[in-house]
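Protein chains: 2
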Amino acid sequence: MGEVRSPPLAASQMRMDADFVAREQPRLLQELVDFLSIPSVSALPAHASDCRRAAEWLRAELTRLGCPVVQLIEGQGHPVVWAEGPQVPDRPTLLVYGHYDVQPPDPIEEWETPPFDPTVRDGRLYARGAADDKGQVFCLLKAYEAVLDGDGRPPLNVHFIFEGEEECGGETIVDLLRAEPERTRADAALVCDMSYYAPGWPAVYTALRGLCYAEISVRTLQRDLHSGAYGGVAPNAIETLVRILAGLKDEDGEILIPKLYKAVVPPGKKELKSWKRLPFDEESYLREEVTARALTGLSDYSVFERVWALPTLEIHGIRGGFTGEGAKTVIPAQATAKVSLRLVPGQRFEKVARQLERAVAALAPKWADVTVTILHGGDPVQVQVDHPAFQVLDEAFESVVGRRTVPARSGGSIPIIPELGLTGAPVMLTGIGLPDDGLHSPNERLDLGQLWTGIQVFGRFLELFAEKGGQGTRVEGEPARMGEAVEA
Amino acid sequence: MGEVRSPPLAASQMRMDADFVAREQPRLLQELVDFLSIPSVSALPAHASDCRRAAEWLRAELTRLGCPVVQLIEGQGHPVVWAEGPQVPDRPTLLVYGHYDVQPPDPIEEWETPPFDPTVRDGRLYARGAADDKGQVFCLLKAYEAVLDGDGRPPLNVHFIFEGEEECGGETIVDLLRAEPERTRADAALVCDMSYYAPGWPAVYTALRGLCYAEISVRTLQRDLHSGAYGGVAPNAIETLVRILAGLKDEDGEILIPKLYKAVVPPGKKELKSWKRLPFDEESYLREEVTARALTGLSDYSVFERVWALPTLEIHGIRGGFTGEGAKTVIPAQATAKVSLRLVPGQRFEKVARQLERAVAALAPKWADVTVTILHGGDPVQVQVDHPAFQVLDEAFESVVGRRTVPARSGGSIPIIPELGLTGAPVMLTGIGLPDDGLHSPNERLDLGQLWTGIQVFGRFLELFAEKGGQGTRVEGEPARMGEAVEA
Chain A
1 MGEVRSPPLA ASQMRMDADF VAREQPRLLQ ELVDFLSIPS VSALPAHASD CRRAAEWLRA
61 ELTRLGCPVV QLIEGQGHPV VWAEGPQVPD RPTLLVYGHY DVQPPDPIEE WETPPFDPTV
121 RDGRLYARGA ADDKGQVFCL LKAYEAVLDG DGRPPLNVHF IFEGEEECGG ETIVDLLRAE
181 PERTRADAAL VCDMSYYAPG WPAVYTALRG LCYAEISVRT LQRDLHSGAY GGVAPNAIET
241 LVRILAGLKD EDGEILIPKL YKAVVPPGKK ELKSWKRLPF DEESYLREEV TARALTGLSD
301 YSVFERVWAL PTLEIHGIRG GFTGEGAKTV IPAQATAKVS LRLVPGQRFE KVARQLERAV
361 AALAPKWADV TVTILHGGDP VQVQVDHPAF QVLDEAFESV VGRRTVPARS GGSIPIIPEL
421 GLTGAPVMLT GIGLPDDGLH SPNERLDLGQ LWTGIQVFGR FLELFAEKGG QGTRVEGEPA
481 RMGEAVEA
Chain B
1 MGEVRSPPLA ASQMRMDADF VAREQPRLLQ ELVDFLSIPS VSALPAHASD CRRAAEWLRA
61 ELTRLGCPVV QLIEGQGHPV VWAEGPQVPD RPTLLVYGHY DVQPPDPIEE WETPPFDPTV
121 RDGRLYARGA ADDKGQVFCL LKAYEAVLDG DGRPPLNVHF IFEGEEECGG ETIVDLLRAE
181 PERTRADAAL VCDMSYYAPG WPAVYTALRG LCYAEISVRT LQRDLHSGAY GGVAPNAIET
241 LVRILAGLKD EDGEILIPKL YKAVVPPGKK ELKSWKRLPF DEESYLREEV TARALTGLSD
301 YSVFERVWAL PTLEIHGIRG GFTGEGAKTV IPAQATAKVS LRLVPGQRFE KVARQLERAV
361 AALAPKWADV TVTILHGGDP VQVQVDHPAF QVLDEAFESV VGRRTVPARS GGSIPIIPEL
421 GLTGAPVMLT GIGLPDDGLH SPNERLDLGQ LWTGIQVFGR FLELFAEKGG QGTRVEGEPA
481 RMGEAVEA
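One line per chain: the protein sequences are A and B, in this order. Be aware that the first sequence starts at 1, since it is given in the working numbering, and climbs by one per residue. Be aware that the second sequence starts at 1, since it is given in the working numbering, and climbs by one per residue.
Since the hints were derived computationally from the structure, they do not count as laboratory data. All C-beta atoms, glycine included, are put in the ideal place defined by N, C-alpha and C. Misleading hints may appear alongside valid ones.
[Claimed, not checked] To give an idea of the interface, some chain B residues facing chain A are shown, with a C-beta separation under 7 Å as derived from the structure:
1. 108
2. 230
3. 232
4. 246
5. 296
6. 300
7. 375
8. 404
9. 406
10. 407
11. 411
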């Protein structure tokens with residue numbers, strides 16, 4: 001990204017030091033390496049103290065940046081970090097969201113360098129959390145640092161909320177926002193946990209899919225049996241589970257849960273048209289990103305529709321019987337699978353959970369004990385992107401990377417977004433990642449060029465939003481619609 | 001079994017000390033506990049040294065019993081223990097087969113007491129291998145000990161062959177018998193690795209099913225993917241495997257491998273009729289043995305036909321994706337299942353292996369890498385039971401437990417039996433287990449009453465066979481037929 005030209009700013013807007021990144025790079029890189037070295041894996045109890053260390057790292061950093069209010073807010077799990085910059089009267093308030101926890105690093109043996117020993121190769125920083133989301137949290141902190149004036153004062157009111165349970169379905173931030181909805185009241189929220197649509201193509205996201213995550217367990221016998229003695233008459237738990245799973249989706253990718261598709265609101269013509277304008281090379285997507293021999297799923301729909309606008313059902317894990325080395329001739333009594341549905345606008349998590357339960361019950365033979373345990377979930381999200389705040393964001397991107405954002409959707413989910421939406425402010429879902437950053441995979445990485453331009457982009461955005469964002473320019477009759485999946 | 005009356009033996013037959021068991025019980029139990037405490041799990045590489053310890057335990061015991069020849073015969077895996085008792089001229093030779101290896105104990109958490117900490121409860125000894133087959137090997141050794149005279153001489157020639165790879169498909173004993181077929185030349189072979197048909201009903205087995213054990217592996221991606229980003233287009237390895245498995249057998253239990261049933265030779269009328277005379281209570285079989293809510297499989301056939309005379313396909317284990325605690329939203333790149341077919345007379349292992357490979361290949365989508373690895377197998381076995389040796393066995397059972405053997409089949413497999421059959425001698429498949437001993441399951445056990453009467457039965461058999469077995473009483477024109485599954 002080194003060749004991107006930053007056009008000179010008009011004098012009235014010049015507050016950010018244009019040389020900040022160039023001058024401070026070595027220090028910034030060392031700080032980010034320190035932050036990424038903390039293995040803040042929220043799903044693993046053994047790393048609870050590391051999650052707290054990451055929260056403390058943020059507390060220290062926000063204090064150093066001059067925030068008069070910095071708190072660790074405790075719940076059942078890992079704390080929420082809350083901070084408020086110095087009050088700036090007559091200027092708008094921006095809420096910045098991010099998360100400091102990371103996914104488990106397994107399969108650990110597939111990492112070229114250790115996941116918590118951040119390493120630079122070919123202009124990329126490899127570490128768990130480099131892109132999702134610690135690197136992006138860091139980017140926003142440094143953008144904020146860059147626009148502080150000589151007295152350490154920012155050009156606008158900035159509130160920071162960083163959670164530590166995004167990757168594990170924890171409820172600390174949800175409980176906080178339900179108990180104190182006024183805390184997150186702001187003129188806009190900036191969520192920097194996403195990626196560019198493609199290199200050189202920054203994006204804002206108009207929808208996220210929701211999620212319904214469940215475990216399906218089958219028991220057919222009180223104990224495992226010898227397949228020699230009882231093969232032919234004893235019901236096999238794995239076979240029973242396999243039939244249920246095969247019955248939930250057909251070979252062409254259509255989910256067979258009755259009425260599941262009924263509530264789906266398809267994307268509008270305008271949105272479909274905008275997706276057709278996005279650069280997309282299916283061949284390189286298949287080979288380099290998906291790494292498969294063919295794309296599967298509902299072939300009547302485009303790839304964009306399949307990953308952004310249609311519900312999916314995936315089997316994430318399955319286990320039963322003997323899985324060690326060699327041969328054991330057991331008829332297994334018990335088997336379990338983890339599955340999830342991604343939900344799209346129109347669908348509701350709670351309703352889909354009931355539909356899944358009923359579909360599994362209908363597929364279960366009467367001689368088997370079959371249970372569906374809903375582990376967690378969230379509603380899909382739709383965002384209107386015609387609030388003027390998005391124009392400010394576009395201006396910032398254009399001035400630094402030379403291109404405005406493109407509207408995209410994400411197939412993924414950020415469970416807290418519907419809750420943030422309760423504040424009524426526009427939520428800008430954007431970010432500095434690239435599509436091949438390897439989120440949740442071995443060798444997760446962040447392109448350092450993206451980081452350096454990202455600091456400039458968001459510094460520029462803070463300055464522009466300070467001037468324009470608080471002036472009540474919100475378009476009448478077009479409120480931001482958050483967490484309100486429209487029922488068909 | 002305490003109430004079984006042992007009728008007094010005629011003076012000419014009295015060699016076995018009738019009080020041997022009553023007097024020696026505490027010592028015998030301690031010896032068996034020592035043997036069972038060795039975790040000789042042949043399928044797990046970590047237990048290789050334990051398998052050797054079990055072989056050494058047998059070597060020491062056979063030496064103590066006065067065998068002038070005791071050898072550990074090495075191959076690729078665990079050794080075969082070979083021993084010859086003192087030569088007794090003009091007396092017949094009996095070959096005794098057993099195995100000292102055991103199945104893996106998992107699921108370990110379902111054991112009430114540890115699998116290798118043998119524990120007596122309610123007259124049963126609980127331990128992995130108690131019935132399959134270490135307890136039965138021990139029974140034969142003690143029967144042999146009981147009939148030794150004051151000078152430590154047995155009444156006939158006994159050769160012992162105990163393998164350590166019965167449960168893992170190892171080839172050491174096969175290689176040995178192919179290289180040295182004369183080693184197992186004998187007047188009869190006694191294989192004590194089976195159970196009574198029911199409590200009080202000793203059995204001899206006229207057929208064993210064969211086996212074809214395979215691992216089916218599927219890879220659809222080069223690496224696991226995030227289901228949010230790629231759910232809807234990326235082929236899921238678990239889903240692919242599930243469809244293949246569901247396609248190999250229908251809901252009614254019919255195996256869908258083309259032409260699989262064509263070679264099956266159904267049991268004759270006489271044999272079917274003999275099965276109808278066996279005591280059988282389907283309700284208690286279902287509740288107490290199978291521990292299920294219903295029997296499944298081909299409902300046009302009787303339970304006996306389904307478990308003894310028809311091929312079956314079972315899924316023994318399956319694994320793929322994320323199976324830890326909680327939720328991880330991964331699209332798995334890879335998944336594996338272990339399956340096996342049980343084969344019946346008429347079928348051949350090698351042919352069925354090719355049929356399975358073709359059926360899986362036909363079910364595999366072209367964008368997936370699907371491999372079938374045949375781990376091991378063996379042909380089914382049929383045995384003629386009209387050789388006079390069987391009458392001697394009947395006499396022994398009748399004199400100790402009051403009932404002759406009933407002819408039964410076994411749904412299980414003992415891979416070496418067809419190879420033993422190459423010696424041409426009658427092979428007596430029998431044993432002292434009970435149907436609910438929990439072979440291959442948690443809380444495997446041996447009824448101690450069965451052990452004590454078993455020692456008397458086989459002691460009696462050794463004495464009777466010493467007198468009658470070597471006198472050329474074999475019925476002309478009715479050679480024992482072993483390992484010759486008749487092709488249809």
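Taking the hints in turn, this is what the structure says about them:
For the restraint placing residue 108/B at the interface with chain A, the shortest Cβ-Cβ distance is roughly 12 Å, beyond the 7 Å limit, so the hint is violated. Taking 7 Å as the C-beta cut-off, the interface hint given for residue 230/B holds, the closest approach to chain A being about 6 Å. Interface restraint check: residue 232/B against chain A, minimum CB-CB distance 4 Å, threshold 7 Å, status holds. For residue 246/B, the interface hint holds, the least distance from its beta-carbon to any beta-carbon of chain A being 4 Å, beneath 7 Å.
Hint status for residue 296/B: holds, given a least beta-carbon distance of 5 Å to chain A, under 7 Å. Interface restraint check for residue 300/B: the shortest CB-CB distance to chain A comes to about 12 Å, outside 7 Å, so the restraint is violated. Here the hint on residue 375/B is kept, as its CB sits about 5 Å from the closest CB of chain A, short of 7 Å. Hint status for residue 404/B: violated, given a least beta-carbon distance of 23 Å to chain A, over 7 Å.
Evaluation of the residue 406/B hint against chain A yields a violated restraint, the C-beta minimum of about 17 Å exceeding 7 Å. At its closest, the beta carbon of residue 407/B sits 17 Å from a beta carbon of chain A; the interface hint therefore is violated under the 7 Å criterion. Interface hint status for residue 411/B: upheld, as the beta-carbon distance to the closest one in chain A is roughly 5 Å, under 7 Å.
In this structure, the hints that do not hold are numbers 1, 6, 8, 9 and 10, in rising order.
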